[in-house]
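Let the sequences and hints guide you as you build the complete structure.
Chains as they are written, first to last, in our numbering: chain V, 1 to 337; chain D, 1 to 286.
Think of the hints as simulated: they come from the structure by calculation, not from any bench.
Among these hints, one or two may not hold up.
[To be verified] To list a few chain V residues with every Cβ distance to chain D over 12 Å, as calculated:
{"hint": "1", "residue": "30"}
{"hint": "2", "residue": "55"}
{"hint": "3", "residue": "87"}
{"hint": "4", "residue": "99"}
{"hint": "5", "residue": "124"}
{"hint": "6", "residue": "155"}
{"hint": "7", "residue": "176"}
{"hint": "8", "residue": "186"}
{"hint": "9", "residue": "188"}
{"hint": "10", "residue": "203"}
{"hint": "11", "residue": "247"}
{"hint": "12", "residue": "256"}
{"hint": "13", "residue": "271"}
{"hint": "14", "residue": "294"}
[To be verified] Not the full set, but computed from the structure, chain V residues with beta-carbon under 7 Å of chain D:
{"hint": "15", "residue": "103"}
{"hint": "16", "residue": "107"}
{"hint": "17", "residue": "293"}
{"hint": "18", "residue": "298"}
C-beta: ideal position from N, C-alpha, C; glycine also.
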Amino acid sequence: MTRRSIEIGMAVSAATFLISVPWLIPALTDNFWVSVITEILIWSLFAASANLLFGYVGLLSFGQALYFGFGMYGVALGIDHLGLSFWPAFGLGIVSAIAMALVSGVFAVRLSWHYFAIITVVFSLIFYFLAVSMKPLTGGDDGINFSLPPVFRFGGSIWSLTDPTFQYFFVLAVVSLCFFLMYRVINSPLGKGFLAIRDNDLRASLIGLNVYVLRLIAFVMAGFLAGVSGALFAFFGRYASASYMFYQVSGEAVVWTIVGGAGTMFGPLVGTTLFIVIREIVSSHWEHHSLIVGLLAILAVIFAPKGIVGLWNGWMTRLGERDAASAPPRLTLQAEP
Amino acid sequence: MRDTVLLLAMNGLIWGLIIALIALGLSVIFGLLDIINIAHGDFFMVGTVLAWFSLSATGNFWIGFIVAPVIGFVIGAIIQRLVIQPIHGAAALSIVATFGLSLILQETVRITFGATPRRMLAPIQGTVPLFGIDYEIYRLFAAGIALVALAGFFLFLQHTKLGIWMRAVRHDRETAVAMGIPAQRVYVMTFGVGFALAAFGGAVAAPITTVDFRGGVDVLPFCFMAVIIGGLGNLAGTVAAAVLLAFLEGLVQSVADPTVARISSLVLMSAVLLLRPQGLFKGFTR
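Below you can see the structure in the form of structure tokens.
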């Protein structure tokens, strides 16, 4: 077994699993888990937005919930107040998240490290309190409900997210597309620029990279990812609420990312899956499941400081070293954290 | 009108002094251990709960003023040893670890204390006339206690062995260790002191605010703001910033609703961060 064959095997089985979910899960357990997996996909995209900033550019954002919230409210208000159909509402959510990220990014990326973390929290808190106080428009903490318009209409047949299987595949397709886009960006010259800034922003600027502009681009891209996940979550829950813009929601994305493995493509997915699956399993048996989640977060950083994917990459590297005598060294797909 | 402004400004000022205590704890932990402590608001919350428990167990309110910081110190020291030490001051990891701590503390309080918020009766009832308004005596008393505690903490830093060790390790860890200062023990103590300050703030604030397992959530961003606006590592600046922020919020509250007041202090915060990222008071001290 070489590292390459193990990774290909895992990728194939993960893809097979994800495609067969709507049939496999009801046969094994309960339909309920299809919607849990849908939710995991949406939240892992949200975690990926925190990962893009922290794992690849070295900017720790505690305010991604702001762009999640804009995506969410763009969809909800577009449908509920403006009477938009599905795709324009989706577009409105994403565009408003990007616009917000651009406006706040212009200011935020001038700062770095602690200061950047604090200003992202401050921006997101400002809009959280605005959303709470503008109750007639946003519904405040109670939120607003809306009914779903259909996604496609081909002659007589109507495709809508009210069908759980279609909803699952729709979310899977959008999330996969976003992850693919992120993968392409990370492996482009632009992505190398991000990594250079993460490792040493002074050196990056000395070799002629425009640190400010690159950070701003990354910030807007992360806003886009968060906005898409917020829009998807609004469609998924037919609901938008100010409570999803609170700083604790942003914090969860950071925690999922670091536990899964910051600076790796699939770290956010692994971290999000771990936390949501445990929450769903334990909370049905025990009311105080937060104790388990808290303990897990602590154990994860003590025993896997590079995250679960980082731990895995470490094992794979050691496996590779054992085979190194016979095989030439190979570049890995994942960027080391 | 004048009375409302005065009342809310006084409330803000006193709340600012209590926040200053909590934020000092945050700043000490932040500065010495490079730990971004997401659980610090919950340290404050634990203080309010300890005050509530000691009141209901003994019937004496004042015992809480001793119980909260002492137990807080012990829990803080244990947490440092078990959770913070193994991550070796990695700031990113400290966020996750203290996030876990925050969940554990909140859930433990929810199990033992319950999920319903409770109000605690102030041990000193009544009001005194002050600048033409009737002001609650306990709030004035709380302000006095907070001032004494703040002064006590600065004296502790200047004049006790542990305080000097803490400043030495913060200033230059290598040299401090070379001079024979047990840095590891100083870290344990520092975390304990940070927790104790927040818990003491909680015990003082318990009759003013509500006792609730989620009581720390709103306090946390406020404390971080005070630390940053005051300038990282500038303890006196932290105190000044906390008082200033809460005072301004109190003033705005007298003409607008509390949410608008909160938003305006956040906007002020953004302006400070962008224009003076080194803090408002750089250049005034040291």
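Structure-based check of each hint:
Chain D leaves residue 30 of chain V outside its interface by the beta-carbon criterion, the shortest separation being 27 Å against a cut-off of 12 Å. Not every CB of chain D lies more than 12 Å from the CB of residue 55 of chain V, the least distance being 10 Å, so the non-interface label is violated. With a least CB separation of 34 Å from chain D, residue 87 of chain V remains clear of the 12 Å interface cut-off, as annotated. Separation of residue 99 of chain V from chain D is adequate, the least Cβ-Cβ distance of about 18 Å exceeding the 12 Å criterion.
For residue 124 of chain V, the shortest C-beta to C-beta distance to chain D comes to about 10 Å, within the 12 Å cut-off, and the non-interface label is violated. Against chain D, the non-interface label of residue 155 of chain V holds: every CB pair exceeds 12 Å, the least being about 50 Å. Every CB of chain D is more than 12 Å from the CB of residue 176 of chain V (nearest about 27 Å), matching its label as outside the interface. For residue 186 of chain V, the shortest C-beta to C-beta distance to chain D comes to about 19 Å, beyond the 12 Å cut-off, and the non-interface label holds.
The beta carbon of residue 188 of chain V sits about 25 Å from the closest Cβ of chain D, which is more than 12 Å, so the claim that it is off the interface holds. The Cβ of residue 203 of chain V sits about 21 Å from the closest Cβ of chain D, beyond the 12 Å cut-off, so the non-interface label holds. Distance check for residue 247 of chain V against chain D: the nearest CB is about 7 Å away, which does not clear 12 Å, and the non-interface claim fails. Distance check on residue 256 of chain V: its Cβ comes as close as 9 Å (rounded) to a Cβ of chain D, failing to clear the 12 Å threshold; non-interface status is violated.
With a cut of 12 Å on Cβ distances, residue 271 of chain V falls inside the contact zone with chain D, its closest approach being about 10 Å. Listed as a non-interface residue, residue 294 of chain V fails to keep its Cβ farther than 12 Å from every Cβ of chain D; the least gap is roughly 3 Å. A distance limit of 7 Å between C-beta atoms decides the matter here; for residue 103 of chain V the minimum to chain D is near 12 Å, and the interface restraint is violated. Residue-level restraint check for residue 107 of chain V holds (minimum Cβ-Cβ distance to chain D is 6 Å; threshold 7 Å).
Below 7 Å, beta-carbon pairs count as interface contacts, and residue 293 of chain V has one with chain D at about 6 Å; its hint therefore holds. Among the interface hints, the one on residue 298 of chain V holds; its C-beta lies about 4 Å from the nearest C-beta in chain D, closer than the 7 Å criterion.
Taken one by one, the earlier hints fail for this structure at numbers 2, 5, 11, 12, 13, 14 and 15, listed in ascending order.
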